[in-house]
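Novice: Position one of the sequence shown corresponds to residue 1 (this note's numbering), numbered consecutively onward.
If you're looking for bench data, these hints aren't it; they were derived computationally from the structure. Hints should not be assumed to be uniformly reliable.
[What the hints assert, rightly or not] Pair ranges (Cβ atoms, derived):
id : residue 1 : residue 2 : range
1  : P70       : L189      : 21 to 27 Å
2  : L189      : G77       : 22 to 28 Å
3  : L185      : V93       : 32 to 38 Å
4  : G77       : D190      : 23 to 29 Å
5  : G225      : V280      : 23 to 29 Å
6  : F108      : A7        : 34 to 40 Å
7  : F41       : G8        : 23 to 29 Å
8  : F41       : A249      : 47 to 53 Å
9  : G8        : P169      : 23 to 29 Å
10 : G161      : V238      : 21 to 27 Å
11 : R312      : A73       : 44 to 50 Å
12 : G175      : A73       : 41 to 47 Å
Quick reminder that beta carbons are idealized off the backbone N, C-alpha and C, glycines included.
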Amino acid sequence: MTVPIKAGIEKVPGGLMLVPMLVGAVVHTAAPDSGEFFGSFTGALYTGLPAILAVFYVCLGSTLDVKATPYIAKKGGVLLGSKVLFAMLIGIVMGRLLGESPVSGGAFAGLSTLAVVAALNDTNGGLYMSLMAQFGRKRDVGAYSVMSLESGPFLTMVTLGVAGLSAFPWQTLVGAILPLVLGMLLGNLDPEMRRFLAPAVPALVPFLGLSLGLTLNLTAVWQAGLLGVGLGLFVVLVGGAVLLLADKASGGDGVAGLAAATTAGNAAVVPSIVAAANPVYAPAAQSATVLIASSVVVTSILCPLITAFWARRVLTQPAGADPVGDPTADGEKPSPAAHRTPGGTRAPAAQHDGN
Numbered sequence: 001m002t003v004p005i006k007a008g009i010e011k012v013p014g015g016l017m018l019v020p021m022l023v024g025a026v027v028h029t030a031a032p033d034s035g036e037f038f039g040s041f042t043g044a045l046y047t048g049l050p051a052i053l054a055v056f057y058v059c060l061g062s063t064l065d066v067k068a069t070p071y072i073a074k075k076g077g078v079l080l081g082s083k084v085l086f087a088m089l090i091g092i093v094m095g096r097l098l099g100e101s102p103v104s105g106g107a108f109a110g111l112s113t114l115a116v117v118a119a120l121n122d123t124n125g126g127l128y129m130s131l132m133a134q135f136g137r138k139r140d141v142g143a144y145s146v147m148s149l150e151s152g153p154f155l156t157m158v159t160l161g162v163a164g165l166s167a168f169p170w171q172t173l174v175g176a177i178l179p180l181v182l183g184m185l186l187g188n189l190d191p192e193m194r195r196f197l198a199p200a201v202p203a204l205v206p207f208l209g210l211s212l213g214l215t216l217n218l219t220a221v222w223q224a225g226l227l228g229v230g231l232g233l234f235v236v237l238v239g240g241a242v243l244l245l246a247d248k249a250s251g252g253d254g255v256a257g258l259a260a261a262t263t264a265g266n267a268a269v270v271p272s273i274v275a276a277a278n279p280v281y282a283p284a285a286q287s288a289t290v291l292i293a294s295s296v297v298v299t300s301i302l303c304p305l306i307t308a309f310w311a312r313r314v315l316t317q318p319a320g321a322d323p324v325g326d327p328t329a330d331g332e333k334p335s336p337a338a339h340r341t342p343g344g345t346r347a348p349a350a351q352h353d354g355n
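Construct all of the structure, not just a fragment, from the sequences and the given hints.
Specialist: Rendered as structure tokens:
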């Protein structure tokens, strides 16, 4: 007898990250001392998040190809730059109002600059690639090879520093991006290393979720409530509008911009890393993690609906094809009809929940 555990988990938006995180949170809430009680390898799951993340970012970095085509570099650069600049602007405004600490009471209790910046700074790559395979140009899928540079705490740390909040030592900033750079070096010097390391990326996502969940207490989850939904709406609607305009300004149709208006499951680990690097952010870390987890779910549900709606309005060629008059712009012919679903759209690529 077999049980479709993975298939069931993947029915939840961002499930490979969120479901293990919820399991870990339940365990920690019900038995907060269980890590010390069992010790050994089991106990290491409670404290091993930084080590798991280091391995994850090395493997992820190996998938980034520095020989991206000019189009991919342009599209990815525009989307990445727009997200980072928007997050910096929001960080500056919120930093002036809130500083490093979260709101202590009222309807916005738990909201912090850290939560909003981290939610804005990391795109759900699997969802983006799935949507672009279905509604965008095929070469737009490759733009995520540039956008994935936002993965991890580095840009969030830089953004908080630019916002005038407590900064981080240069050693910490370098250390935050070094595993990703090491992975890029390995993957680009040796394609065999890329093929060896890349498959580990999705496999590590549930372990990230579980280890992160084992640091959370569910008694704080109620604070997310509607606030977590509101953060997700802000990312997908306001952030999406900014990315749509940036995409159109660079010659695109806006579909890629809207498809990038999400929060990645990996973003949920950023607050704990930031707090470990600078304890002044510790009071905001737990509530920020919960809010970001809510944003992951909300953006994963709404982003495909909004992207599909916009694509139906602006697309004049079969989904997945390049514009008329430029059928070989990315070195490929337009997708044949045989590869489209009965509804006229291409079948989406497989979604990777963690990134």
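Novice: Now tell me, hint by hint, if it's right for this structure.
Specialist: Structure-based check of each hint:
| no. | hint | result |
| --- | --- | --- |
| 1 | P70 with L189: 21 to 27 Å | 22 Å, holds |
| 2 | L189 with G77: 22 to 28 Å | 23 Å, holds |
| 3 | L185 with V93: 32 to 38 Å | 37 Å, holds |
| 4 | G77 with D190: 23 to 29 Å | 26 Å, holds |
| 5 | G225 with V280: 23 to 29 Å | 26 Å, holds |
| 6 | F108 with A7: 34 to 40 Å | 38 Å, holds |
| 7 | F41 with G8: 23 to 29 Å | 26 Å, holds |
| 8 | F41 with A249: 47 to 53 Å | 51 Å, holds |
| 9 | G8 with P169: 23 to 29 Å | 44 Å, violated |
| 10 | G161 with V238: 21 to 27 Å | 23 Å, holds |
| 11 | R312 with A73: 44 to 50 Å | 29 Å, violated |
| 12 | G175 with A73: 41 to 47 Å | 27 Å, violated |
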